[in-house]
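> Full structure from sequences and hints, please.
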Amino acid sequence: MTAFVQIQGLRKKYDNNGPFAVGPNEDGLNLEIKEGEIFSLLGPNGAGKTTTISMMSTLLTPTSGEVTIGGYSVTRDPLGAKKQIGVVPQEIALYPTLTARQNLHFFGKMYGLGGRELQSRTAEVLDFIGLKDRADDRVEEYSGGMKRRVNIGVGLMHRPRLIFLDEPTVGIDPQSRRSILDTVKLLNQEGMTVLYTTHYMEEAEELSHRIGIIDHGEIIALGTLEELTRKVGEQDSVLFDVDQVPDGVESQLSALEGVQQTIVQEAEIQVMCTDSNAILSQAIDILTRNGVTLHSVEVQEPDLEAVFLHLTGRALRD
Numbered sequence: 001m002t003a004f005v006q007i008q009g010l011r012k013k014y015d016n017n018g019p020f021a022v023g024p025n026e027d028g029l030n031l032e033i034k035e036g037e038i039f040s041l042l043g044p045n046g047a048g049k050t051t052t053i054s055m056m057s058t059l060l061t062p063t064s065g066e067v068t069i070g071g072y073s074v075t076r077d078p079l080g081a082k083k084q085i086g087v088v089p090q091e092i093a094l095y096p097t098l099t100a101r102q103n104l105h106f107f108g109k110m111y112g113l114g115g116r117e118l119q120s121r122t123a124e125v126l127d128f129i130g131l132k133d134r135a136d137d138r139v140e141e142y143s144g145g146m147k148r149r150v151n152i153g154v155g156l157m158h159r160p161r162l163i164f165l166d167e168p169t170v171g172i173d174p175q176s177r178r179s180i181l182d183t184v185k186l187l188n189q190e191g192m193t194v195l196y197t198t199h200y201m202e203e204a205e206e207l208s209h210r211i212g213i214i215d216h217g218e219i220i221a222l223g224t225l226e227e228l229t230r231k232v233g234e235q236d237s238v239l240f241d242v243d244q245v246p247d248g249v250e251s252q253l254s255a256l257e258g259v260q261q262t263i264v265q266e267a268e269i270q271v272m273c274t275d276s277n278a279i280l281s282q283a284i285d286i287l288t289r290n291g292v293t294l295h296s297v298e299v300q301e302p303d304l305e306a307v308f309l310h311l312t313g314r315a316l317r318d
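Going by the numbering used here, 35 is the number at position 35 of the sequence shown; the sequence numbering is gapless.
If you are wondering where the hints come from, they were derived from the structure by calculation, not from laboratory data.
Each hint should be verified, as a subset may be incorrect.
To be verified - The calculated lysine-lysine pairs, modelled on DSBU-like cross-linking and capped at a C-alpha distance of 35 angstroms, are:
1) Lys-34 / Lys-132
2) Lys-132 / Lys-185
3) Lys-83 / Lys-132
4) Lys-185 / Lys-82
5) Lys-109 / Lys-132
6) Lys-13 / Lys-109
7) Lys-13 / Lys-231
8) Lys-231 / Lys-34
9) Lys-82 / Lys-109
10) Lys-185 / Lys-109
11) Lys-34 / Lys-82
12) Lys-231 / Lys-185
13) Lys-13 / Lys-82
14) Lys-34 / Lys-185
15) Lys-185 / Lys-13
16) Lys-83 / Lys-109
17) Lys-185 / Lys-83
18) Lys-109 / Lys-34
19) Lys-82 / Lys-132
20) Lys-13 / Lys-83
21) Lys-13 / Lys-34
22) Lys-83 / Lys-34
Stated by the list, open to error - Per label pair, the in silico range of CB-to-CB distance:
23) Ser-296 / Glu-124: 40 to 50 angstroms
24) Asp-133 / Arg-159: 22 to 32 angstroms
25) Ile-284 / Ser-64: 50 to 60 angstroms
26) Leu-222 / Glu-26: 11 to 21 angstroms
27) Tyr-95 / Lys-132: 12 to 22 angstroms
28) Asp-127 / Asn-17: 48 to 58 angstroms
29) Gln-300 / Ser-251: 20 to 30 angstroms
30) Glu-250 / Lys-109: 55 to 65 angstroms
31) Glu-202 / Gln-265: 14 to 24 angstroms
32) Leu-256 / Arg-76: 51 to 61 angstroms
33) Leu-186 / Glu-141: 22 to 32 angstroms
34) Lys-185 / Ser-64: 31 to 41 angstroms
Note that beta-carbon positions come from the ideal geometry of N, C-alpha and C, so glycine has one too.
Written out as structure tokens, the structure reads:
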């Protein structure tokens, strides 16, 4: 696959005297997205995902650096770049008192569609997002998941080659989430390149050909799921759900042979170790001696959460 998106030295600060939201290092953010792949940008809230997408979609002007999409520069030829992309923002961007059909018509006209082409494309998109039977109901009457699907439909009206999906499953029910993930897969099967941002590691694991982990405006790891999980070696993750964590427990757990990292978050303790079977009974003994009530224990094989913890020393959901 060839590179469809090229990002070179991208940096953004909102205040001349403030920090860089993206590209804090002098080299800036550098990234390529291949044509026909699902590329997930994974990171916690505030990591720079939305700022990066906003610059790529010409909504924000970079402080420095360059983005080209399908050969078009977002700064020198923004109109050419815009024609290549569909943007599905994190927030619902629809007119609530209009129907789904009317919303698609409106945004289709904004993309330059008209006449029979607009009518047929609207029908195609309504069918694709599964709202053909509710097309003439007002959006304000829809569930959160249905609104999300119309939001995606708007970004598809002009048949873009690349679609940006910025946290598209936030705040929706599991059934709607499943529908959106299946829609992303179908779009990609039809040849569309997808840039998907999320802080849900399981979504990135399921969807992605490649994953970029972003933190504090930097890409700190890049590769396939298999390549990324190899970064943590053969470590296990042991998750203890407890009532409270007294002082000293974290250091006692970290001192156990084979423990690589220990992280405490409120009533949860995560221990990264080379062999969970070797440390499990000792760890439980430490918790018991310190008067900790243990509610549950979960042992996990290396995943993206473990990768992020390994790279940053904190959990992805922080």
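> Taking only the CA atoms, is the gap from Lys-109 to Lys-132 under or equal to 35 angstroms?
Holds. Lys-109 to Lys-132 sits at ~20 angstroms (cutoff 35 angstroms).
> Please verify whether Lys-132 and Lys-185 have alpha carbons no more than 35 angstroms apart.
Holds, because 20 angstroms separates the two Cα atoms, which is no more than 35 angstroms.
> Checking one constraint from the list: CA of Lys-83 to CA of Lys-34, max 35 angstroms. Satisfied?
holds, 18 angstroms
> Lys-13 and Lys-109 were given as a pair; does the straight-line alpha-carbon distance stay at or below 35 angstroms?
Holds. Lys-13 to Lys-109 sits at ~34 angstroms (cutoff 35 angstroms).
> Take the C-alpha atoms of Lys-13 and Lys-82, compute the straight-line distance between them, and say whether it is at most 35 angstroms.
Within the cut-off at roughly 23 angstroms; holds.
> Cβ-Cβ distance between Leu-256 and Arg-76: within 51 to 61 angstroms?
With Cβ atoms ~57 angstroms apart, the hint holds.
> Mind checking the alpha carbons of Lys-13 and Lys-34 for me, to see if they're no more than 35 angstroms apart?
This hinted pair holds, its Cα atoms lying about 27 angstroms apart.
> Does the structure keep Lys-109 and Lys-34 at a Cα separation of 35 angstroms or less?
holds, 30 angstroms
> CA of Lys-185 to CA of Lys-82, is that 35 angstroms or under?
holds, 23 angstroms
> Okay, Asp-127 versus Asn-17 on CB: inside 48 to 58 angstroms?
Cβ of Asp-127 to Cβ of Asn-17: about 51 angstroms, so the range 48 to 58 angstroms holds.
> Tell me if the beta carbons of Ile-284 and Ser-64 are separated by a distance inside 50 to 60 angstroms.
holds, 52 angstroms
> Hinted pair, alpha-carbon criterion (35 angstroms max): Lys-34, Lys-82. Please report holds or violated.
Status holds; Cα separation ~18 angstroms.
Hint compliance for this structure: no hint is broken.
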